[in-house]
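There are 2 protein chains.
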Amino acid sequence: MQIILLSGGSGKRLWPLSNDVRSKQFIKMFYGEDGQLESMVQRVYRQIKTAAPSADITIATSKKQASAIHNQLGDKVDICVEPTRRDTFPAIALAAMYLKDEKNIPENETVIVCPVDPYVDNSYFECFNELADMVQTGKYNLNLMGVEPTYPSEKYGYIIPENKDHISKVAEFKEKPDLPTAEKYLAQGALWNCGVFAFKLGYVVNRAKELLDYHSYKDLHKYYGEATKISFDYAVVEHEDSIGSVRYNGSWKDIGSWNTFAEEMHEPVIGKAVMDDTCENTNIINELNIPILAMGAKDMIIAASNDGILVADKHQSSYIKPYAEKMEQQVMYAEKSWGSFTVLDVLPESMIIKVVLLPQHQLHYHSHEHREEVWTIVSGEGTVIIDGKRRDVSDGDVVRLPIGSKHTVIASTRLVINETQIGKEISVEDKIKYEMPEF
Amino acid sequence: MQIILLSGGSGKRLWPLSNDVRSKQFIKMFYGEDGQLESMVQRVYRQIKTAAPSADITIATSKKQASAIHNQLGDKVDICVEPTRRDTFPAIALAAMYLKDEKNIPENETVIVCPVDPYVDNSYFECFNELADMVQTGKYNLNLMGVEPTYPSEKYGYIIPENKDHISKVAEFKEKPDLPTAEKYLAQGALWNCGVFAFKLGYVVNRAKELLDYHSYKDLHKYYGEATKISFDYAVVEHEDSIGSVRYNGSWKDIGSWNTFAEEMHEPVIGKAVMDDTCENTNIINELNIPILAMGAKDMIIAASNDGILVADKHQSSYIKPYAEKMEQQVMYAEKSWGSFTVLDVLPESMIIKVVLLPQHQLHYHSHEHREEVWTIVSGEGTVIIDGKRRDVSDGDVVRLPIGSKHTVIASTRLVINETQIGKEISVEDKIKYEMPEF
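Chains A and B, in that order, are what the protein sequence lines are. So for the first sequence, the working numbering puts the first residue at 1; every next one is plus one. So for the second sequence, the working numbering puts the first residue at 1; every next one is plus one.
One thing to keep in mind: the hints can contain errors.
Okay, derived cross-link-like pairs now, DMTMM-like style, lysine to aspartate or glutamate, Cα gap no bigger than 20 Å in a straight line [to be verified]:
1. B:LYS424 / A:ASP397
2. B:LYS298 / A:ASP276
3. A:LYS354 / B:ASP395
4. B:LYS354 / A:GLU280
5. B:LYS321 / A:ASP276
6. A:LYS298 / B:GLU280
7. B:LYS298 / A:GLU280
8. A:LYS314 / B:GLU280
9. A:LYS354 / B:ASP397
10. A:LYS272 / B:GLU328
11. A:LYS12 / B:ASP276
12. A:LYS354 / B:GLU280
13. B:LYS272 / A:GLU325
14. B:LYS354 / A:GLU349
15. B:LYS272 / A:GLU287
16. A:LYS326 / B:ASP277
17. A:LYS354 / B:GLU349
18. A:LYS314 / B:ASP277
Please keep in mind that the hints were generated in silico from the structure rather than gathered at the bench.
With the hints as constraints, model all of the structure from the sequences given.
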């Protein structure tokens, strides 16, 4: 079984924890089975590995997110990188071509497409095994999982099956309805469309060839920017008559707002924080090193990260988007494939940054045109390369990197660097990458 | 006219802005006349210089606060340092002896003692001129300024004058009363005791000699720790029959809690912060570099510093003390006579610190037994001395300071240093000071 996880959107609705480089699925917000905090991506990945251990997972995402995914799921996770963002049909088509051409998956193998961020029980992913059986019987070209509604929601699209059986042919699809219509759908045995599609690999490969007129992964990847932005629902589902659906009746939630997030927090507090006895229905998530003290806070969300601090009435927090969009764009913390960086201070014509490299990882070999840098090794061991010369470093060592010098560092152990950037124009754009020299 | 400003207490009631090293009087919380933020100490100092330009000011305080006072008021301000804390009578006695012996002030000169933190109009200090006239007429041995009450407060001590004249002999003093008693005092023309005492220098010098049995500043300073802890009210005022009072009828406030502080903020926000339209009666003071977004906050105080973040209902904030006392003791920011330091990050066996030196200022010549340090000069110019050797430095330069090395830096211009401390036991106590070498 092949699973394609769609990891999309940057999203500001969970500001200050989500930002331009960190989508909400990367926020470590839930306590996992080992008591460690885990993100939505980590949770879903772990759940799939438990419910369907033999499933082979590919994550379809943008270049921007690839670093964070490697950071959180490890180097070995398979990523199909979309060159630009083109909506779900081109993304699923590219991933399907990738499975066929790059991973040599046979065209009759089951593929299940799933968003990366449903907040669900393990039984959600156990239901994937039923979907896979449906695909392999070949009764329907396309197979969907639908969520048994718990109330007549106006927020979701609906799948209307022909009958109320556990598995049924789909009669039609409905957009977000008004309340009376939603009630009517529920009486009919309708399901919420949760964006889980299953098919034989060949099915989508053929759709890709027909609709996009590209016949290989390499081709599609190269001309990806020219593909029309269109969703899988509009491009494929609406034109397909042979669709089956299976009913999932466990919990299902979209953690897209601070309100829903707070509802799922197991403890009212994550991170350093104290609440006095007069606080009520308040949640705190603090990623900073300094403590938060809340007194007499009622129905509030308090969230702090290196990007900022949110203090919001829970109801009011649902209107955060325009405010978050106006907040400063400077990214103060980012997870990269090699580790992470944290901006510790922004000064006139200089910045102080903490760089953490994971063991056996390294930066790109690169130079800057408008800034010099000084590295102080705070802890760990590694090898620095400057203009082709190697030098071993450990804690207390200092490396000066003049403007224009090509440099990198390779971490032998976990390596923490205190970096001072000095220059009139300091920007993340000021970076020229090079091939690593050979030794 | 000599003015002794008493600068006391560490105080946690304005946590996270006040802490063990920063008392509330050093928080920059008010917009001064030039539109710049100023602290209570700066405000009072400026007001005295305006209302009584010829007054000579001496600040009586602890060693701990001397650095912050020099930082905020400049190097030239006169400080009489108490070797330990012994309550107001020994403090005033020491300052009086200091005026007599160290500043050679004649015994018949007027001395006015005043707390460093009243939040008042300039007219409060103009009233000092009336007090000085009272002292010089010699009618009373001791002269007090009393505040015309605006309501029957249970929080303050009362001065009961013999009559309601602007200047009157004092009949008696009363401790904090209950409400009916306070109402009775007001009907009698009583005044709030605001801790302002005036006398001829010789008066307190004689009390010091009698009660403490020390006859010089040097002697008293040396044996200061042996002096009994007793207030000026109990030691002197209660035993004096010849006391006059003058009525001050302007505004007077003790900014001792977040609630009173918020009432005096001219703008609801200080620092980087945004409030949405649904916030009501909410104040934000943000000393951090990152923005605060408040949504739907009602009747709240939000305060953020390098020490922590407070989110409190205004009423509830008055119960902060026990919570603030339990907060971490690590001081993340401190103003020193030579500039300031900010802890940017605390890591296992290391710390990252930003050191800012004011122009023409320098650190003590010192060494550490348990940590090495690396300095990266971020901006500015100066001279480093390590083990007696001088070296000029400017931005981008790096200085390694091995364990045990004696070192300092003298700033030619404003100098910013990114300091990495590395060692198993990092502590502010680990500091051995030396005499500066001669060149």
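Verification of the supplied hints:
The hinted pair formed by B:LYS424 and A:ASP397 meets the criterion: a straight-line CA distance of about 17 Å does not exceed 20 Å. For the proposed pair B:LYS298 and A:ASP276, the alpha carbon gap of about 17 Å is at most 20 Å, so the pair holds. A C-alpha spacing of about 19 Å is found between A:LYS354 and B:ASP395, which places the hinted pair at or below 20 Å, so the restraint holds. For the given pair, B:LYS354 sits about 38 Å from A:GLU280 by alpha-carbon distance, which is inconsistent with the 20 Å threshold.
Taken as a hint, the B:LYS321 and A:ASP276 pair is honoured in the structure, with Cα atoms around 12 Å apart against an allowance of 20 Å. The straight-line distance between the Cα atoms of A:LYS298 and B:GLU280 is roughly 14 Å, inside the 20 Å bound, and the hint therefore holds. At most 20 Å may separate the alpha-carbon atoms for a hinted pair to count; B:LYS298 and A:GLU280 meet this at roughly 14 Å. Pair hint A:LYS314 plus B:GLU280 holds up; C-alpha atoms about 15 Å apart against a cutoff of 20 Å.
Under the criterion of a C-alpha separation no larger than 20 Å, the hint pairing A:LYS354 with B:ASP397 is consistent with the structure, at around 19 Å. About 10 Å separates the Cα atoms of A:LYS272 and B:GLU328, which keeps this hinted pair within 20 Å; it holds. The suggested pairing of A:LYS12 with B:ASP276 holds, with an alpha-carbon distance near 16 Å, which does not exceed 20 Å. Between the alpha carbons of A:LYS354 and B:GLU280 the distance comes to roughly 38 Å, so the proposed pair goes past 20 Å and is violated.
At most 20 Å may separate the alpha-carbon atoms for a hinted pair to count; B:LYS272 and A:GLU325 meet this at roughly 16 Å. Restraint check for B:LYS354 and A:GLU349: the C-alpha separation of about 15 Å stays at or below 20 Å, so the hint holds. Taking the CA atoms of B:LYS272 and A:GLU287, the gap is about 19 Å. The hint holds against a cut of 20 Å. Restraint check for A:LYS326 and B:ASP277: satisfied, since their Cα atoms lie roughly 15 Å apart, inside the 20 Å limit.
Between A:LYS354 and B:GLU349 the alpha-carbon distance is near 15 Å, which keeps this suggested pair within the 20 Å criterion. Between the alpha carbons of A:LYS314 and B:ASP277 the distance comes to roughly 15 Å, so the proposed pair stays at or under 20 Å and holds.
Hints 4, 12 from the list above are not met by this structure, while the remaining hints are.
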